[in-house]
Each structure stands twice: as structure tokens, then as C-alpha cells.
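Colleague: Following the hints, position chain B against chain A.
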Amino acid sequence: MTALQKDRGPGSPVAARPAAPPEPPARGRAPRRQGTRRYWWFTPWLYLLAPLVLLVTFTYLPIADMLGYSLTDWDGVSPTSENVGAENYADLFTRPELFKVFLVSGVYLVASFVQIAGALYFATVLSFNTRFRNLFKGILFFPYLINGVAIGFVFLYFFQPGGTLDSVLRLFGADGQQLWLGDPDLVNKSLAGVSVWRFMGLNMVLFLGAIQSIPPHLYEAASLDGANSWQQFRHIIAPSIKPIISLSVILAISGSLAVFEIPYIMTGGANGSETFVIQTVKLAFKFDKVGLASASAVVLLVLILIVTWIQRRLVPEERVELS
Amino acid sequence: MRRGRVAVVAATMVVLTACSGNAGGSSSSAATAAADPAKVAGEITVLTNRTDQVADGSLKKYADESTRVHPNVTVKFEGLTDYEGEVKIRMNTENYGDVLLIPDNLSITRYPTFFAPLGDSAELSRTYDWTDYATVKDKVYGIADYGTATGLVYNKAVWQQAGVTRWPMSTQEFIDDLKAIKAKGTATPYYTNYKDAWPLQKWTDDIGGPSCDQGGKDKLSTTAQPWAAGQDLNAIDGLLYDTVHQKLSEDDPTTTNWEGSKTLLGTGRIGAMLLGSWAVPQMQAAAIAAGRNPDDIGFMPFPQATGGKLCTIIQPDYKYAVNVHSKNKEAARAWIDWYLTKSGSAQAEQAVSSVKGSPLPASLKPFEAQGVTLLPGQNQVNAAVISKIDKNSEIGLGSPDYRQKLVDIARGAAPGDHDSYFAELNEKWSEAQKTVTG
Numbered sequence: 001m002t003a004l005q006k007d008r009g010p011g012s013p014v015a016a017r018p019a020a021p022p023e024p025p026a027r028g029r030a031p032r033r034q035g036t037r038r039y040w041w042f043t044p045w046l047y048l049l050a051p052l053v054l055l056v057t058f059t060y061l062p063i064a065d066m067l068g069y070s071l072t073d074w075d076g077v078s079p080t081s082e083n084v085g086a087e088n089y090a091d092l093f094t095r096p097e098l099f100k101v102f103l104v105s106g107v108y109l110v111a112s113f114v115q116i117a118g119a120l121y122f123a124t125v126l127s128f129n130t131r132f133r134n135l136f137k138g139i140l141f142f143p144y145l146i147n148g149v150a151i152g153f154v155f156l157y158f159f160q161p162g163g164t165l166d167s168v169l170r171l172f173g174a175d176g177q178q179l180w181l182g183d184p185d186l187v188n189k190s191l192a193g194v195s196v197w198r199f200m201g202l203n204m205v206l207f208l209g210a211i212q213s214i215p216p217h218l219y220e221a222a223s224l225d226g227a228n229s230w231q232q233f234r235h236i237i238a239p240s241i242k243p244i245i246s247l248s249v250i251l252a253i254s255g256s257l258a259v260f261e262i263p264y265i266m267t268g269g270a271n272g273s274e275t276f277v278i279q280t281v282k283l284a285f286k287f288d289k290v291g292l293a294s295a296s297a298v299v300l301l302v303l304i305l306i307v308t309w310i311q312r313r314l315v316p317e318e319r320v321e322l323s
Numbered sequence: 324m325r326r327g328r329v330a331v332v333a334a335t336m337v338v339l340t341a342c343s344g345n346a347g348g349s350s351s352s353a354a355t356a357a358a359d360p361a362k363v364a365g366e367i368t369v370l371t372n373r374t375d376q377v378a379d380g381s382l383k384k385y386a387d388e389s390t391r392v393h394p395n396v397t398v399k400f401e402g403l404t405d406y407e408g409e410v411k412i413r414m415n416t417e418n419y420g421d422v423l424l425i426p427d428n429l430s431i432t433r434y435p436t437f438f439a440p441l442g443d444s445a446e447l448s449r450t451y452d453w454t455d456y457a458t459v460k461d462k463v464y465g466i467a468d469y470g471t472a473t474g475l476v477y478n479k480a481v482w483q484q485a486g487v488t489r490w491p492m493s494t495q496e497f498i499d500d501l502k503a504i505k506a507k508g509t510a511t512p513y514y515t516n517y518k519d520a521w522p523l524q525k526w527t528d529d530i531g532g533p534s535c536d537q538g539g540k541d542k543l544s545t546t547a548q549p550w551a552a553g554q555d556l557n558a559i560d561g562l563l564y565d566t567v568h569q570k571l572s573e574d575d576p577t578t579t580n581w582e583g584s585k586t587l588l589g590t591g592r593i594g595a596m597l598l599g600s601w602a603v604p605q606m607q608a609a610a611i612a613a614g615r616n617p618d619d620i621g622f623m624p625f626p627q628a629t630g631g632k633l634c635t636i637i638q639p640d641y642k643y644a645v646n647v648h649s650k651n652k653e654a655a656r657a658w659i660d661w662y663l664t665k666s667g668s669a670q671a672e673q674a675v676s677s678v679k680g681s682p683l684p685a686s687l688k689p690f691e692a693q694g695v696t697l698l699p700g701q702n703q704v705n706a707a708v709i710s711k712i713d714k715n716s717e718i719g720l721g722s723p724d725y726r727q728k729l730v731d732i733a734r735g736a737a738p739g740d741h742d743s744y745f746a747e748l749n750e751k752w753s754e755a756q757k758t759v760t761g
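Chains as they are written, first to last, in the numbering used here: chain A, 1 to 323; chain B, 324 to 761.
Wrong hints could be hidden among the right ones.
To be verified - Calculated pairs, SDA-like style, for lysine to any residue (alpha carbon to alpha carbon, straight line, at most 20 Å):
no., chain 1, residue 1, chain 2, residue 2
1, A, 286, B, 427
2, A, 286, B, 754
3, B, 751, A, 96
4, B, 728, A, 76
5, B, 542, B, 753
6, B, 411, A, 274
7, A, 282, B, 415
Stated by the list, open to error - Anything over 12 Å on all C-beta distances counts as not near chain A; from chain B, calculated:
no., residue
8, 374
9, 445
10, 503
11, 563
12, 668
Treat the hints as calculated values from the structure; they're not laboratory data. The beta carbon of each residue, even a glycine, is placed where N, CA and C say it ideally should be.
Just chain A, same shape as in the assembly:
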């Protein structure tokens, strides 16, 4: 998973996602207890007031505004702007070079599958009685706690010619300098590597939590039947945490389409590492085309919604029964 995840708390990963709007809060309403007097029907809404106000103020109003901007030629500072209808969208779709940047997202997408696989592996290993398991959990989760800007700066030194990575590789006998960020074939892989390093811990913690909800007697029974570790993983763990895995995949895909922070800080989108979001930011703030940039943000939003929808159709959510 990638940069956009920075905002997501492990507790409610769906709630903070700008891409797929959270489920209507109404569903969270407690079932009305019998005997409660009628005029107290709004009590649950009182509890929901604060989050609802925050949600509307900081998610839905800005989105509505963004939709509004996308129909204007606003330049970002002037007090007036003209309504241009769908012109921005027409402009966007007649310039295929604006969508070329999604090729970069492909690199991040591949990386996020590596990340999920790695997270699954570590979560499985660490959910058994491994020595120093809490220490390892801490080490793997730690990168997620570091501020993204700090990570950007650290990895700039890491990737410098003759920097940390080159020195470490030299210890293993690999000579010769690589321009990790300077080589156009390597730059996106290097940046995606940073993303993997940063977000794998979060995935791992999500998986760990799910794995721990599996009743231990299942393993006992399985090992009595002679199942080895792989078979236990394949037939007990993987099916039990399927909903979490599919959630991770959704987040991975939407995250890959919306990579921003790490490449923006480390390369500023130079040398072919420009992503769709960086391109949007540049349109808005460098070329004063806030209308066009809003339109491309809307397009990104729609794209992510579509991808999520397709995925939910392909892999429908199902209840997992553990017994």
C-alpha cells in the first residue's frame, strides 16, 4: 500500500478514505431499545453529531467545492471565475499525455503486492511463538510511525551515489555505483521500495489482528491431522483473514493510483517519477489551472470508485465462520 495511507488509522481504515466514502453513519445507529420513550429517537444522532460535522466539513463540502471548481476556469487567486461547463473535462480527455503518468502507478501497484505478501509472511510467522516476536513486530511497524517528510529526507541520503545503499551493497561485494534516483529505469522502483518499507508494517498489524482472532484449537486439530505450517496457512489462516486481505488489496490499488508524498518530497516528480496527483498539483499551483486540476482530481476519484466497485464485484464480501 502506498502513500495515501498515511491518514488511515489501523482501527477504521475505511472511514478515512477519501476515495470510497464511508458507509452511511446511519448504519451505526444503535437499535432502538424497547421501552425507550419515543422522543428520545435522536439520542444516537447526538453522539454522531461531532463526527458528522467533521465529515461534512472536511470531506463532503470540499468535494462539492471541487466539483464546482472543475466546471470553471478559476486560476486559484482571482476573486472571479467564469463557468466553462465541461470544457476542462474535454481538455483533459483530449490530451492523452496527461494519463501517461498512470504507467508510474503500475510500478507502485506491483510493489504493493510485494508488500502484502511480505506483510502476510511476517504476520503469520510472528503470530506463532517466535523468539523476540514483540521486538520484531515493533521493528516492522516502526517505519509507519515516522513522518513522511523525514522518510523522504532519510532515503535521499540512502539513495545517494556512494550513499548508504551503495555502501551496504559493497559489503556484499557488489561494486559499481547505481544512480538509484538518477537512472530513469530505477527511480520508480526505488521510490516504490520506500513505500513498501513504510507501509508494510501497517499491513502486518492489520493481518496480525485478524490472525489472532482465529481460535487456537483449530491449529491443534490441524497439527494432529498432520498438517504442516504451509498447509495450516493455506487452509486455516488465509481463508479466515480473507476480508482483511481483500480490503488491503483495495487500499493498495487506490493507493497506487494516488501516490503523492514520497515521490513529491524525494524527486518532486522529476526524472519520470511524476504521478497523477503530482501532475494535478502542478497544474493547479504552477500553471494556475485550478479548474483543470479539479477536473483531474474528480477523474481520479471516479477512477478509484470504479476500480473499487469492480473489485467488490469480482471478490464479494462473505462472512467467515470460524469454529
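Modeller: Relative to the frame of chain A, chain B by itself:
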């Protein structure tokens, strides 16, 4: 509707400011100088990009000194790290300080919307240089603190060791000199500062230098192909291309470091960087910090002579303006006048003060000695049109992206070559020009 909503958010954030609303005060629409400076009163906030001067207290010292002339004016400073980005967003509200620096990428036609007029251009231009950079319909909206010369900061010792004793008179000679430096093997001949990016946009400032023409930039509005042979941008970007293409710059431009580059140049591990003369004191400070000789740091004009003479544009730094919504316009104006004429801040920066008739700083003395033509700024007649063409074409003369790509192409990291990229830029420019000027 947009402004309304932003204003509501701003109101909740800065309750105090918004509550006083349009309640008035002694504000008039123009920020004219008060008749008696001792009577001016008010508290003003100055937005600045010099976070370093806020931190080390040198701005506070100026403010304290100014209270001797206007005892009732209180000056507060607010340093913004990402000045351009933050100020432009704040300008959607009414709360963007009393005195501020005009953001570079704000189109000049918008100045009357955001800033209070400071006076007639005929009158102000008698006192200050570069007023035409912020003049709209004969009213001046901003005055520069100082100007700096465009050109290259270089390490004299490095160039002398390579056997170069005189300033290059052509771009080819410059490349040859860099080759001589490279052959010595101790220094990177040229450093692009590609990663920090903004140093690359400084190349744009040199427009007018190669052709020795004050109207060089103005001509862009009528030039369909600014990157064609013989044009300033062809010389400027061509030099950058050749430098990188002939491997005379750092190995990995994507991991450069601005702060580090000061020390590298100060200690002779870099030959030259294209910046402005404002960079000289910073490089000297870095040389002193590293225990080297600050006198090694020199400054030279863009290496292309016209009629046997080198040329350099002296161009203004940020322009100071007064917020059109400010309730203390007189106090704001009093501070600007004092800061620009009396504080000595321009001298402290070794820059050319905007006050007419000020002496040249030490770093530019060699320019006089060598007979370099100093052009006092660019003509500004077509500035608004040029900015429109530039934004429309998405090239961004004032932003570094297209030069980053130029560097990438030159070092073989992106597809294309010199000719194809220049042709692409020409095409984008002429297409945008057609839509803007019709």
C-alpha cells in the same frame, strides 16, 4: 460563493481578525506616506520569506530601530518557509498580513485586486528603481528592496588552478573552461542543484543577457519560437544542455543538496553555479565556516558577449506591497519606506539598493572594472501577456520543471535530444501564443 466559503473558514480560524470585519478604522484605499512619521500609529504584520532573519533576530533589530522614527508603529514578522505556496492560498482571504512580498507567479494584472496603490509611477520612479515591475495603469503597487545581478557564482581558486584567468566571452569558451576544470579532477565543474529545483529557474532571469537587450523578455510575447537559434533562451538553455550533455556537471543530479552546495562551492569542490549575485554572501559565509578564504568566491556575467562586451541584467528581488484590506495602511507604508531607504538592509545583503543612486556592492565592483554593461532591469510592457502565454503553454519559465526535463534529456535519462526538445518547446509556446494574442 467560493470566496464566501473560504471567508467563513478563515473567520472560524482567526476569529479576532474576522470579527472586526469591515468595521473601518482609519483606512483609506491608498497606502500613501504620512505627512508626519511620528504621528503614524498601528500594529502591522509583515509576511516574509526570510525565516532565517526571523530566527536570528535581525528583522526584529530593524523593527526596533524603526520605532525611533515612528514610535507608535509596532512591527511583527511572520516567516513562511514555502512563501509562494502559502501566501497565494492565504490571499483568498483578507488575512494576508499588512505588508507582504508580492508572490512571483501572481499575474501583474491582479495587483490592484490584492494590493493598495503606493503612489503614482511618475513620482515614485524618481526615488526608486524597478517600479515598473509593479506598475498597473500608472499606479505602483510594489517596491523592491534591492536588485541583484544575474550571472554565475564561481570559485576563483578552482578556475585559476585550471589555468583560466579571464571571464569566458562565449558559451563555447565557458564549456572549454569547464572542461579544463574537469581535467584537473578536483572539482565538479558545474552544479545544477537539480533536486532543489528552484536554482534551475534562475536561468530564466538571464534572458536579455546574451543579446544585451533590456527588452529581451518583453520580446517573448511576439516571438513565436523563443528557442530558435539566435534567441536568448536558445543560448541559455543550450548552455545548460551542453554542460550536462558533456558530463561537466555532477554525476547524479537527482540527489543534489542546496545547503551542501554552498559548502562545496566555498571549499572549491564545485567550479560554478548559475544563481544571482545575492548568492555571493551566502557562499562566502559557507567558505568562512569551512575555514577557507571568502575572497575565492567570485561572480561573473552570463558568458555570451555582444559587440565584445558582456552584459548582465540587474533585476529586482521580491517587491514589498501593502494588503488592500489592511487597516493600518499608513503604518504599513511608513515601515516600507523606512525599511527600503533607511535600514541599510540592502547593503547588508551586498545587493543593489532600489533607492536611486545607491553605490554598487563589492561583489559587483569587478563588473565595473571589466566594463560589463549593467542593464537596470527588464522592460515590463508585455509582462502580463508573457505570463499568460507561459501558463497556458504549461512550460513554466518561472518554474523549474521544464529545465529538469532538459537536464534529463541531456544526460540521456529521458528520450529525445537537444533539437527535438527545443522544437517541442517552440511548438508549445507558439500554440499558446496564438490562443492568447489571437
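Colleague: Hint by hint, which ones does the structure fall short of?
Modeller: 4 and 6
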